[in-house]
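Peer 1: Here is what each chain is made of, one letter per residue.
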Amino acid sequence: MSQNSHPTPLLYFVIVMCLFVGTVVTYKAATIDMGIWNPIVALAIACTKAVLVVLFFMHVRYSDKLTKVTVVAGFFWLMILITLSLSDYIGRGFQVAP
Amino acid sequence: MPAKHYLNDNYGIRSWLLTKDHKRIAILYLCTITFFFFLGGMFAALIRLELLTPEGDLFHSDTYNKLFTMHGVNMIFFFLIPSVPAVLGNFILPIMLGAKDLAFPKINLLSWYIFIVGAGFGLAALIGGGVDTGWTFYTPLSTGYVRTPVIVLAVGILIAGFASIFTGLNFIVTTHRMRAPGMTWGRLPLMVWANYAASLIMILGTPVIAITLILVALERGFHIGVFDPKLGGDPVLFQHMFWFYSHPAVYIMILPGMGVISEIVTCFSRKRVFGYTFIAFSSIAIAVFGFVVWAHHMFVAGISTYSALVFSLLSFAVAIPSAVKVFNWTATMYKGSVSLETPMLYALAFIGLFTIGGLTGLFLAALGTDIHIHDTYFVVAHFHYVMVGGMVTAYLGGIHFWWPKMTGKMYPEAPAKLAALITFIGFNLTFFPQFILGYLGMPRRYHAYPPEFQVLNVLSSAGASVLAVGFIMPLVYFLWSLKFGEAAGDNPWDAKGLEWQTTSPPPTHNFHEVPIVTEDPYNYGEEANVVH
Amino acid sequence: MEFKLPLFPEQASSVAGQVDAFYLFLVLLTTFFSLLIALMIVFFIIKYRKRPDHKAEQIHGSTLLEIVWTAIPLGISMIIFVWGAVLYYHLQNPPKDALEIYGVGKQWMWKFQHPGGQREINTLHVPTGRPVKVTLISQDVIHDFFVPAFRIKTDVLPNRYMHTWFTPTREGNYHLFCSQYCGTNHSGMIGEVVVMKPEDYAEWLASGKAEGSMASMGEKLFQEFGCTTCHRPDAGARGPSLLGLYGRPVRLSDNRVVIADDNYIRESILNPNAKIVSGFQPIMPTFQGVVSEEGLIQITEYIKHLSQQDSEPLSNRSNPAVLRDTEVPTIQQELKGRGNEPAAPSGKKP
Amino acid sequence: MEQQKGASTFGMWVFLLTELMMFGGLFASYLIYRLKFYAAWEAGSSSIDVHWGFINTLVLIGSSFTMAMAVWAAQKGDKNKQVMFLIGTMILGAAFLGIKGIEYKAKYDECHIPGHIIGKAFNASGGCMADGKVTGDIAKEFMEHQAEIHKPVPEAFAKQTADQTQIFFSFYFAMTGLHAFHMVIGLGLLGWLTLRASRGEFSGQYFTPVELGGLYWHFVDIVWIFLFPLLYLINRTHG
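Residue numbers (numbering that gives the first Met the number 0), protein chains in the order written: chain D, 0 to 97; chain Y, 0 to 531; chain H, 0 to 349; chain L, 0 to 238.
Don't take each hint at face value.
Simulated crosslink set (DSSO-like; lysine-lysine; CA at most 27 Å straight-line) [what the hints assert, rightly or not]:
#, chain 1, residue 1, chain 2, residue 2
1, L, 104, L, 78
2, Y, 229, H, 196
3, L, 139, H, 274
4, L, 35, H, 274
Distance windows between CB atoms, simulated [said to hold, decoys possible]:
#, chain 1, residue 1, chain 2, residue 2, range
5, D, 85, H, 92, 20 to 26 Å
6, H, 39, D, 60, 51 to 57 Å
7, Y, 3, H, 57, 45 to 51 Å
Derived by calculation from the structure, the hints in this document are not laboratory data. Built from N, CA and C at the ideal position, the CB exists for glycine as well.
Let the hints inform the model, and build the full structure from the sequences given.
Peer 2: Structure, rendered in C-alpha cells:
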C-alpha cells in the first residue's frame with residue numbers, strides 16, 4: 000500500500016529537525032510568563048509535533064483511508080473521555096451559584 | 000471412514016492446547032466459560048437461598064458480600080464478556096466471512112491463554128477467601144477498607160481484559176481484510192456487524208478499565224492518593240473511569256447477542272431480514288453512543304446537575320437504535336413462514352425479555368425516577384433482564400443454532416424445547432418480582448431485609464430454582480448429543496450464509512475451496528439454492 | 000410470615016406523588032410497548048406459521064416504517080427526559096426556608112444532629128409540612144441516604160457535603176436505608192425516619208438532651224482551636240471576618256468568585272491553601288485530622304449563625320471579604336463564565 | 000502476502016488505539032487533578048530537574064528518527080544500514096531509560112515516591128536525608144521561588160502545597176512508569192528485530208515486522224512528547 004511513496008531520508012531529517020526545534024521552543028516558551036497561554040502554547044506545540052510524527056514517521060500521509068480513519072477515531076474517542084469527564088468537574092462550579 | 004474435519008484432524012492434548020484454529024480456540028473458550036457460568040450460577044443460587052428469609056441467617060454478612068461480588072465478577076468478566084464473541088464469534092465469524100481463519104491466529108490463541116491467566120487470578124482471589132467489594136470496586140471501600148485480596152482480583156480482570164482486546168482486534172482486522180471475494184460490506188451477515196461493533200468497544204473501552212484497575216491496585220498497595228479522599232483524591236473520579244468502560248461493556252455483552260438473534264429470526268421465518276441497513280447501522284450507533292452515556296450510573300453520586308442533564312439526554316439517544324432493532328426483528332416475521340425450532344424459541348424469548356429490559360432502562364435514564372430506584376433491586380432486575388433475559392438467552396439460542404455446525408451432531412429437540420420454556424418461565428419468575436421490590440425500596444446488595452419484602456423475595460428464589468433447571472438441562476443434552484446425537488448434516492436448518500455451505504463440522508481450513516459470494520445475505524427467497 | 004404484597008411504597012413526602020405519577024406513566028408505556036411486541040410476535044407465529052401451502056413473501060424493508068419507528072421512540076423519550084429533568088431539578092434545589100439537619104454516615108450507622116443540638120443515631124425525627132434539608136457527609140466510605148417513602152436518595156461522600164431535601168406529609172415511621180454498598184454490615188446500616196406533627200416535634204426537641212445548640216457547640220470549638228485570633232471583625236485581623244459570610248459570594252486572591260457554602264467552609268478549614276480570600280495572606284494551618292466531621296458541621300453551623308444573628312441588611316456590612324449586593328449581578332455573570340477558568344495557569348497562585 | 004501485510008499494519012494501528020485509550024485514562028485523570036491542585040502541580044513539577052526531561056525528549060525524538068531510517072533501510076533492502084539504525088535506536092532508547100533511572104533515583108533520594116511502602120515514606124514538606132544533607136524539601140523550595148518572584152507565601156501554605164504534591168507524583172510515576180514499561184517492551188522488540196535483520200530476514204518485499212516495530216516505537220515517542228510539557232513544564236517562569 001505504501002511501498003513506492005515512502006519519504007526520503009532528507010525528509011526524515013527535516014522532520015526530526017522540526018521536532019528538535021519544537022522541543023526547544025516548548026522549553027523556552029515555558030520560561031516566559033504568558034498567563035493562561037502557557038499550557039495552551041505547550042500543548043499546541045506538542046500536538047504539532049505529534050502530528051508530524053504520525054504523518055511522516057508513521058507514514059499516515061502515505062497510507063490508505065482506513066489508517067487515517069483509525070487515527071482520527073482514536074483521537075475522537077480520547078476526546079470523548081477527556082471532555083465528558085472534565086465537563087462534570089467544571090460543571091460542578093455552576094452549582095455554587097445562589 | 001469419516002470425512003476430515005477440524006475435530007478429527009488431529010488428536011491429543013497438544014493439538015488442542017497449541018492449536019491456531021479459530022474453531023478449536025472457540026471450543027476451548029466454550030469449555031472455560033461454561034465452567035465460569037456454572038460457578039457464577041452457584042453463587043447466585045446461594046444468594047437466592049440466603050434471601051429466602053429476611054433475617055440473613057444462612058451466611059455471615061461478609062460471606063454474603065463475597066458471594067454477590069464473586070457472582071458479579073465471574074458472570075461479567077469471565078462469562079458474559081467472552082460469551083458470544085469469543086465462543087460463537089470466534090467459531091462462526093471467519094466462516095461467515097469466507098475466510099480460512101482469523102487475521103491473527105496466534106494472537107487468537109494468545110488471547111485464550113491470557114484469559115486463562117486472568118481467570119486463574121480470579122480463582123486465586125476466590126480461593127484466597129473471596130473479595131467483598133462488589134463487582135464495581137468502588138473506592139475508597141476497595142482501596143482502603145476491605146481486607147480481602149482485591150489486588151489479585153483486579154489484576155485478574157485487568158489481564159482478562161487484554162484477552163477481550165485481542166479478540167476485538169482480531170475481529171476488526173478480519174472483517175476489514177479477510178472477506179471472501181464478493182463479500183461486500185452490504186453483504187456482511189448481521190452477526191458480523193454486531194461483533195464488529197462490539198469489538199470497537201472492546202478495543203476502545205477495555206484499556207480504560209485496565210488503567211483504572213492498575214490505579215486501584217496502586218492505591219491499595221501504596222496509598223498514593225489518587226482515589227483516597229483522605230489524601231485529596233476523588234472517589235467520584237474512579238466512578239467516571241470505571242463506568243467509561245463498564246457501561247459500554249454492557250454493549251460488548253448485548254451487541255453480539257443481537258447479532259445472533261438477527262441470524263436466527265431470519266432463518267426460522269424463512270425470510271430476508273427487514274431493514275438490513277438499519278439493523279447494521281444501529282449496531283454501530285449503539286457502539287458509538289454507548290460511550291457517551293456512562294454517567295447515568297452516577298446521577299446520585301455527586302456529579303454536577305449539568306452533567307446529569309447531558310448524560311440523561313444522551314442515554315435516551317442510545318435507546319433508539321435498540322428500539323429500531325426490536326421493531327425490525329418483529330417485522331421480519333411478518334409474512335414469513337415461521338417455525339418454532341429451539342433456537343427460534345430462544346430468539347423470541349430474547350425479543351420479549353430484551354424489550355422489557357430495554358424499556359425499564361428508561362426508568363433509570365430518566366432523572367426523576369432514577370433518584371428513587373437507583374441502587375435498588377429495580378436496577379438488579381433491569382440488568383438481569385438485559386443480561387440474562389437478553390444475552391444469556393441469545394447465547395443459548397446461538398449455541399443451539401450452531402451446535403450442529405460445531406459438532407456435526409443434532410441435539411434432541413424435545414428436551415431442548417422444554418428447557419427453553421423452563422428457562423423463560425423461571426427467568427420471569429426470578430426477576431419480575433425484583434422490579435416491584437426495587438420500587439418498594441429494597442436496596443441491592445442487602446443481606447438482610449425488612450420482613451415486608453419477603454413474599455417477593457421468596458417468589459424470586461423459587462423462580463431461581465426453576466431457572467437453574469433450565470440452565471442445567473442443555474448442559475446434559477448437549478453432552479449427550481456428542482455421543483448419541485444424530486448426524487446433523489451440513490445445513491439442518493436450510494439456512495443461508497456461508498457457514499452452512501461448508502461441511503459440518505467444518506474442515507480445518509473452513510472451506511474446501513474459497514467461496515465466492517454472489518448474493519445478498521438472508522436470500523431466503525430462492526429455496527432451490529440450498530445444497531443438502 | 001406475614002403475607003403482604005404491596006406494589007408501591009407509602010407516599011410520605013410532597014414529591015412522592017409526583018414521582019409515582021411519572022413512574023406510572025413509564026409503567027404504562029412499558030406495558031404498552033411490551034404487549035405490542037409480544038402480541039405481534041404471537042400473531043405472526045400463528046398467522047404465518049410454516050405450512051406446506053404457504054411460502055414466505057420476501058420484503059426488504061421500508062424506509063418510511065424505519066423513520067416512523069425511529070421518530071416515535073425519539074419523541075416519547077424526549078418527553079420522558081424533560082419530565083424527569085424537571086423533577087430532578089426540583090429535587091436538587093432545596094427551598095431556602097428549609098429546616099436544616101446534618102447527618103454523618105459511617106460504617107455502619109447514621110448520626111444526625113438537629114440545629115438545636117439534639118443528636119440521634121439511626122433515627123431521624125422530622126416534622127410534617129415543612130421542607131427539611133439534610134446535609135450529609137461520610138466519615139469513611141461512600142454511603143447513600145435513601146428514604147423510599149420520600150422517594151429521595153443521595154450518595155454520601157467522604158470528602159464533601161451532599162444535600163437532599165423533602166417535605167414530609169404523613170406521620171409515621173419510615174425506612175431509612177443505606178443503598179450504596181459500604182462493606183460488611185451494609186444491610187445493617189438502616190434506620191428509621193419518624194415523621195411527627197410539628198407540635199410533637201417541638202416537644203420531642205424540647206425533651207432531647209442537648210449540650211447546647213449546634214451553633215453554640217461550634218462557637219466553643221471555634222474558641223478552642225483559637226480561630227478567633229485571626230478571624231476577627233476588625234480591620235487589623237489576619238484572617239477574613241466570618242460575619243455575614245455564609246451563602247455570600249467571596250472574591251478570591253486570583254479574582255475568582257465563589258459562594259461561601261458548606262463545602263467552601265469545609266475546604267477552607269481542612270485545606271486552607273485551596274481558596275485564598277482576596278487581600279489576605281495564606282497563613283492558616285490545616286485542620287485536617289484535627290477536627291472531626293461533626294465538629295466541622297458545628298463550626299459551619301456557627302459560621303452560618305453569624306450571618307443570621309442580626310437583621311441588618313448584608314449590603315451594609317463592613318466585612319470586606321463579603322461582596323455587596325450591588326456587586327452581585329456582575330458576580331453572577333462571572334460565575335456563569337467561570338467554567339473554564341480554573342484551568343488558567345494562574346488558577347490558584349497565592 | 001500483500002493482504003497479510005495490510006492486515007498486520009492495520010492490526011498494529013488498532014492496537015495503538017487501545018494503547019492510546021490506556022494512556023488516555025491517565026491523561027484525563029491528570030487534567031482533572033491539575034485543575035483541583037494547581038499550586039501543588041506547579042510546585043511538584045518545579046521540583047523535577049527539567050534538564051533531564053529536556054534531554055530525554057531530544058533523545059527519544061532522535062531515536063524515532065533512527066527508527067524511521069531503519070524502516071527506510073529495510074525497505075531499501077540494505078541490511079547493514081538497517082542493523083546500524085536499529086542498534087542506534089536501541090542505544091538511544093536505553094539512554095532514555097538510563098536517564099529516567101537517574102531521575103527516579105533522585106526522586107527516591109528526595110523521598111518523593113508517593114505512599115510509604117517503597118523505601119522511604121513520602122515527605123515533601125520537610126525533605127529527607129541523603130548523603131548527609133537534607134534534600135527534597137519542596138515546601139522550602141516553593142517558598143524560595145515565590146520570594147524570588149516577589150510573591151512570598153507563608154510557611155503554612157507552602158507546607159500544605161508540598162503535602163499535596165503527593166498526588167502530582169503519583170501521576171508522575173504512573174505516567175512515566177507506564178511509558179517506561181512500554182519502552183522496555185519496545186527495546187525487547189527492537190532486539191528481536193535486530194537479530195532477524197542481521198540474519199537478513201528482511202527485504203524490500205518483506206519488512207512488515209520492522210514497520211510494525213516502528214509504529215509502536217513512534218507511538219511511545221508521541222506519548223512522551225505530551226508527557227514532557229505536562230509533567231516538566233507546568234510553570235518554569237522562575238528558577
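Peer 1: Now look at each hint and say whether the structure bears it out.
Peer 2: So, going through the hints one by one against the coordinates:
1. L:104 / L:78: Outside the cut-off at roughly 39 Å; violated.
2. Y:229 / H:196: Roughly 41 Å between the alpha carbons, so the hint for residue 229 of chain Y and residue 196 of chain H is violated.
3. L:139 / H:274: holds, 21 Å
4. L:35 / H:274: The given pair, whose Cα atoms are some 11 Å apart, holds under the 27 Å limit.
5. D:85 / H:92: 20 to 26 Å: Hint holds: Cβ distance 24 Å, inside 20 to 26 Å.
6. H:39 / D:60: 51 to 57 Å: Because 53 Å falls inside the window, the suggested range holds.
7. Y:3 / H:57: 45 to 51 Å: violated, 37 Å
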